[in-house]
Amino acid sequence: MGAKFRWGVLDAVVVVFALIPVLWIVSLSFKTTATLTDGNFIPREWTWENYRTIFQTDQFVRALVNSIGIALISTLIAVVLGTMAAYAISRLDFPGKKALVGVSLLIAMFPQVSLVSPLFDIERNTGLFDTWPGLILPYITFALPLAIYTLSAFFKQIPWDLEKAAKMDGATQGEAFRKVIAPLAAPGVFTTAILVFIFCWNDFLFAISLTSTERSRTVPVALSFFTGASQFEDPTGAISAAAVVITIPIILFVLFFQRRIVAGLTSGAVKG
Amino acid sequence: MSVQEKVRIPARRSPRTKAVLSEGKRQERRLGWLLCAPAAIVMVAVTAYPIIYSVWLSLQRYDLKFPDQKEFVGLANYATVLSNGYWWSAFGVTALITVISVTAELVLGMGLALIMHKTVVGRGLVRTSALIPYGIVTVVAAFSWRYAWTPGTGYLANLVTPDGAPLTERAGALAIIVLAEIWKTTPFMALLLMAGLALVPDDLLKAASMDGASWWQRFTKVMLPVMKPAVLVALLFRTLDAFRVFDNIYVLTAGANETSSVSMIAYNNLMKGLNLGIGSTMSVLIFLTVAIIAFIFVKLFGTAAPGSDDGTRR
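Chains A and B, in that order, are what the protein sequence lines are.
Here UniProt numbering is used: the first residue of the first sequence is 1, the next is one more, and so on.
Here UniProt numbering is used: the first residue of the second sequence is 1, the next is one more, and so on.
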């Protein structure tokens, strides 16, 4: 009884600590212009006005489309390339395997700002600056180590003998893969995709350095440009509403796939 | 494909078996390389080439406002940066933020890891809540903190500092940046530590408590030694990550009142100064610093690199 109560109190502290900043920005997004600066944690008057405003501006809608498109494409490519590499690392024996693992580790620790100046110049000269591919390329690069680690950890747990057993029972190579291995590997691939998506969705440094117009600006960058933009007299409400919109996918992932995300992060980073 | 190759082996004549086996081995190698090549090429092309290019740029005078004056100047840019007060101020700020936030995260993260690992009630709820700071976009969280500390608008500003504007003075702003960093990344630290906690055998803890070890003794003498590799990996990752701090500073202070980190001034130099020579010099210096930190970790603590096969764990 006492132990349960103590744990309950500790749990509550964690939950409150984790949620307050999120609830605060939600609260701001629902405040009316008049009550925006009253400093109350809970809005005195509720309104959808801020959301209506941002969805009527090109600036936000374009950025949202860019964010979704760039993150999805980067995730898809990173997961496909990562799956191929992780399969090779966990299943095949070939020279250079350690080097690849080493390179991924180096990139995971690489200071991204070191790439900003050279990439800015390279992309300007090659016409990649301020385009989707111009962001997708660095995203894939920095997502790959994450994808490779997480996936190799998952692949190492798959009982690959089942594949042989299926073939003994008369399945072809293709069938063995489709009916036995793919269903076992799918959860790991899916989890990795979530982690990679969160990474791409989160990026700010590359997005603000390698874009200059609405053509490829993502939401985190657009948010920072709301500040002082002329369309909004006081951008606080609009920024808050936009911030809440891009937090929704994260909340959904966390709510529905908490177990998978925890498993993916812990196995990928430590058990390798 | 390689598997079919292997399946065919028994059908062939025995004298050739050895040659065929090595053929299978060769196939395996080729498949391995083929599967890894795309990932390896992308990673190397997008990092190695630019970093070499930036070493080259750092030796030039290269200001985009005066592109005609581009010329080779040797180490002059390094002299400029290293004798500049703003660079060292930013370096100090970055080091300070890194040390304080990583230390706090280690302590809080350990606590959170223990809670997530051991709690008897609401484990799913705690883990779900803890993942929110990890997943949320850093810029979003930074705006939430900024408004919370804005006089008038914010609940924290009115509560904690009713007659000040903490974001407009150096110490207050740095404290808020550190707070935002800690809030955002403690869960990640905790998850890495939790993976280490899962490796501590329950029997060992029970045995220790039978022998009369206190909770603190069990923690320091049994759990910490087993968790050491996980702790070091978490520390290494978080230290290097904290050293890159950018998003929070950009949104919270934009580097005002000498709160710039090295990432922040490298970015400003590029975007506002349009000086690629100096910007690249900073890029190279930051890269070297990070390399030195990683080297010290590995040498000093023998951090087992994740993915290395020399099984320090399991």
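The set of hints was computed from the structure by calculation and includes no laboratory data.
All values reported here derive from a predicted model rather than from experimental measurement.
Where hints are given, some of them may not hold.
[As the list claims (entries may be wrong)] Below, simulated DSSO-like cross-link-like pairs (lysine-lysine); rule was C-alpha separation at most 30 angstroms, straight line:
1. K98(A) / K65(B)
2. K25(B) / K164(A)
3. K65(B) / K272(B)
4. K156(A) / K299(B)
5. K156(A) / K228(B)
6. K4(A) / K118(B)
7. K4(A) / K221(B)
8. K156(A) / K65(B)
9. K156(A) / K167(A)
10. K156(A) / K179(A)
11. K206(B) / K221(B)
12. K4(A) / K97(A)
13. K97(A) / K179(A)
14. K167(A) / K25(B)
15. K164(A) / K179(A)
16. K97(A) / K228(B)
[As the list claims (entries may be wrong)] Which residues of chain A face chain B? A partial, calculated answer using Cβ under 10 angstroms:
17. V22
18. V61
19. Q258
[Said to hold, decoys possible] Interface residues of chain A toward chain B, partial, derived using beta-carbon atoms under 10 angstroms:
20. L19
21. L64
22. I68
23. G69
24. L72
25. I73
26. L76
27. F110
28. F120
29. F142
30. T213
31. E214
32. I250
No residue lacks a Cβ here, since even glycine has one placed at the ideal position from N, Cα and C.
Hint check results:
1. K98(A) / K65(B): violated (45 angstroms)
2. K25(B) / K164(A): Cα-Cα ~18 angstroms, so holds.
3. K65(B) / K272(B): The hint holds at about 11 angstroms.
4. K156(A) / K299(B): holds (29 angstroms)
5. K156(A) / K228(B): holds (23 angstroms)
6. K4(A) / K118(B): Roughly 11 angstroms between the alpha carbons, so the hint for K4(A) and K118(B) holds.
7. K4(A) / K221(B): holds (26 angstroms)
8. K156(A) / K65(B): Distance of about 53 angstroms is beyond 30 angstroms: violated.
9. K156(A) / K167(A): holds (20 angstroms)
10. K156(A) / K179(A): holds (19 angstroms)
11. K206(B) / K221(B): holds (13 angstroms)
12. K4(A) / K97(A): violated (48 angstroms)
13. K97(A) / K179(A): holds (28 angstroms)
14. K167(A) / K25(B): The given pair, whose Cα atoms are some 21 angstroms apart, holds under the 30 angstroms limit.
15. K164(A) / K179(A): holds (12 angstroms)
16. K97(A) / K228(B): holds (26 angstroms)
17. V22: holds (6 angstroms)
18. V61: This interface hint is violated because 18 angstroms lies over the 10 angstroms limit.
19. Q258: holds (5 angstroms)
20. L19: It holds, given that the least Cβ distance between L19(A) and chain B is near 6 angstroms, below 10 angstroms.
21. L64: violated (13 angstroms)
22. I68: violated (13 angstroms)
23. G69: With Cβ-Cβ at 17 angstroms, over 10 angstroms, it is violated.
24. L72: violated (16 angstroms)
25. I73: Since the shortest Cβ distance to chain B is 14 angstroms, the answer is violated.
26. L76: violated (13 angstroms)
27. F110: This interface hint holds because 6 angstroms falls under the 10 angstroms limit.
28. F120: holds (6 angstroms)
29. F142: holds (8 angstroms)
30. T213: violated (14 angstroms)
31. E214: This hint is violated: E214(A) lies away from chain B, its Cβ roughly 17 angstroms from the closest one there, beyond 10 angstroms.
32. I250: holds (4 angstroms)
Of the numbered hints stated above, those contradicted by the structure are hints 1, 8, 12, 18, 21, 22, 23, 24, 25, 26, 30, 31, listed in ascending order.
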